[in-house]
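Protein chains in written order, with our numbering: chain Y, 1 to 412; chain L, 1001 to 1464.
There is no bait here: all hints are sound.
Straight line, CA to CA, 20 Å or less: simulated EDC-like cross-link-like pairs of lysine to aspartate or glutamate:
| id | chain 1 | residue 1 | chain 2 | residue 2 |
| --- | --- | --- | --- | --- |
| 1 | L | Lys-1458 | Y | Asp-198 |
| 2 | Y | Lys-263 | Y | Asp-302 |
| 3 | L | Lys-1456 | Y | Glu-140 |
| 4 | L | Lys-1458 | Y | Glu-140 |
| 5 | L | Lys-1458 | L | Glu-1348 |
| 6 | L | Lys-1458 | L | Glu-1346 |
Residues of chain Y placed beyond 10 Å of chain L at every Cβ, according to the derived structure:
| id | residue |
| --- | --- |
| 7 | Phe-109 |
| 8 | Glu-221 |
| 9 | Gln-306 |
| 10 | Ser-369 |
| 11 | Tyr-392 |
Derived from the structure by calculation, the hints contain no laboratory data. As the structure is a prediction and not an experimental result, all values here were calculated from the model. From the three backbone atoms N, C-alpha and C, an ideal C-beta is built for every residue, glycine too.
Single-letter residue listing:
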Amino acid sequence: MKLKNHILISLILTLFTISANGQITSSPYSMFGAGTIEAPGFGTNQAMGGAGIALPSGTFLNSLNPASYSGIDSLSFLYEFGAFMKYTNYNSSGSNQDRIDGNFNYIAFGFRVNSWWASSLGIIPYSSVGYTIDTQGTIEGTRTTYNRNFTGSGGINKFYIANAFHLTKNLSIGVNTSFLFGSINQVETGSDNLSLSDYTVTTKKYIRNLYADFGLQYAIEKGKNRYSLGLTYGPEVNLVASYNLTLVYNSTTYPLTYSTDQKYLMPGQYGVGLSFQRGYRFSVALDYTLSKWSSASFNNSDIRTQDNSRYSLGLDYTPRTSLIDRGFKKMHYRLGGFYTGSYMIIDNQPINSMGMTFGIGIPLRNNRSMLNISLEGGQTGTTNNNLIRERYMKIHFNFTLNDVWFQKRKYN
Amino acid sequence: MRMTEKGRKRTGIPRKFEHLIFRWLLRAVVVSGVSWMMTACNVGSNEFTMGSEFIDGGSTLTMIDTFQIKMSTVLIDSLNTSNTGTALIGHYVDPNLGTVTATSYFELGIPTSFSESSDNVYDSTVVILRYNGYYYGDTTRWQTITVHPIAERLNGNEWDNGIYNNRNTPYSSEVLGSVHFLKRTAVSDSLVIPIRDTLGKDFFTRMNEGDDDYMTSSSSLVNYFHGLAIVPDTTESNVVYGFKADATNLVMRVYYHRPNANGDGQDDYYADFPYTSVDPAYNRIEDDRSQTLLKSLVTQKEDLSSTSTDGETFVQCGTGLLTKMRFPSLNDIQLINKQGVIMKAELEFSPVANTYDPQALPDSLILIETNKINAPVSTLTSSDGTTLHLSPSSDELYNENTKFSVDITDYIQNAFSDGLYNTENGLLISWGTTQYLNRLDGLVIQADQKAENGPKLKIYYMTF
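Based on the sequences and whatever the hints tell you, model everything.
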């Protein structure tokens, strides 16, 4: 592919990704805090249960650990683009609702700068908000009730530039500097009020924050076997929101201000991962991530926060034994699972998530690029205490384009 | 490697065919995946009811009705009752509002046509008044009214050429005519008062002889004859009637005749000397509240608090009585939350039970902004700019809980436009201007906030 095409496609996809912001989830749980925290990683990681802190980038970009980019080989220009469709069934107190969501959700590039330095940049979702809730309100001091409808949208995106450095043959470190941006929006509509006309309260909280997180990978190769350890650290940061709060009532717009500071906590995060790879044919990764959510507060008396742990395990296997193998033998088969403990305790009920993933990677023409399709089935929440259990099936499409760059082809 | 491959025995589908299937499968997956995304994004935007227990809207709607309302009766010391189109005549004693006496003053103009002839013979003269349908008091009682000549020109005020309800224009004690009557509601549409021939004959003669000094125009006639005062007796009667005051409906009619052309009889004629207003015509409203709780109320600048009038306040058309409401604790709303928005303000008040006829309650009261000195500043309007009218509502079954309720959101919102509400300001409760000047109706309002039907200011307040 020519550089010109790269830039053009990248631009288009970047615009898609940015404009798609805010339509990538629908979960009542996303009303809390900055919304639903998106599962990390691109197509390959996602097919492996989200595991891969210790895996190198190389055949794909591994965004779980900024140190991984040092695995990009010197002639590659890697390019990740993803989209998904998600079917969710919500169950609460015996009633069921369904929803289908889908969108483009990330784009990223990665390349090697020189022998000891590789970089990646991209736009990925950090959190997303999407809910529509109908409820009844009562005018305090009266028995008058009215309908309240809440629609939440938006989310936080992350534009990152990551740099990875080979310190020694075995050790690489990485730093991921990112700009968090986006808005958390809520529109409340009050209607069917016998005493008052309809009103609309619109809240837009804009987030613009700089952030940095760090990673390390240590790998030992013995023959075809590669053993690797990965560590990641992200500091706690308060995402300070500027906001716009307005009431529209009887065609008049009232600008308002909050009495309290509006901020979201991005918790401190510690990750550790182990991996084993045998050539290109087999890899297995195991991750543990601890997020220090206990210092966050959602300003809601029903909700406590706690530190949460995420465990994930993934496998990648390809039967490919020869470069000239074709068809199913060249495909990668991936399997994974994860369990995420809750950071929110709602009415004394943790909102845990767990899921299984299965994916295939289909090599494309130049043999280095790949179309990854994965299927994730999982659940979040519980029906206890009249809470909501979400069961979902998510199909994830991801292109990993691996273009040979900085090289002139030679013809004989 | 190649050797191994070659040596392997294939038992399944031929490799070339497998490759073909793979290619087609790949294409199918990509095409169907992309088209699924294009068509199915955000399908199922059906309303979500789950999670409603936890939603934190941030906004709270509260209704507060504990604001203090200070009510008082005030007196507008003079009302311009000139040229209102109504002649109010009568006398009535109200237990709450005292005695009221209405006298009507107006001028007479020259007839539009008069058939001059030396054969004309004067017959008689009457004043004809036509009821406008309004009455105040007891229509079953007989009453007497008398007609007097006004003693001087009805000069209007220098600044507005109006004459006010408290003006006592002198009239001659000479009675030109009188009538003792009982209105039979269904049949009487007019009241006819016989007038002494001395006046009628004088007018007839001057018209018939073409008096160039006084009978050329109404303006010249009023120099000669200053008009009529129609005066109720104040002993017997207990009702006030409204009559139409205009040139068609209020006239002094002079009857005359002359022999017909055949000489075998006579032709009858009449000439109407109509109501005119070269100078303003007006109704004088005298009130005497010395026997009521309102006796101390004499100047416009004072407020007679409801606490000294048995927890009631009063409104009366024609006499200048109005009820004033003030909201001394309204600024407290800002103590709750400076972020709040006043969504709606609703004012409620009720007439005192057994002081009114449910069928005859005013159906279009108005509210007038006022200040410390009780000057009427401006009438409250609704959002479309028209005057805000209050009509009573009641529980239809028992005719209970009769109240007036009105949305005064704009007033309350504007009251805070300078930051703090000036608690010296308030609202006056009145009839609409036309009615207020053409009637004598009264209203007794419950001013005690502790009473079940006491006044209330309900503010719907949204906080964040």
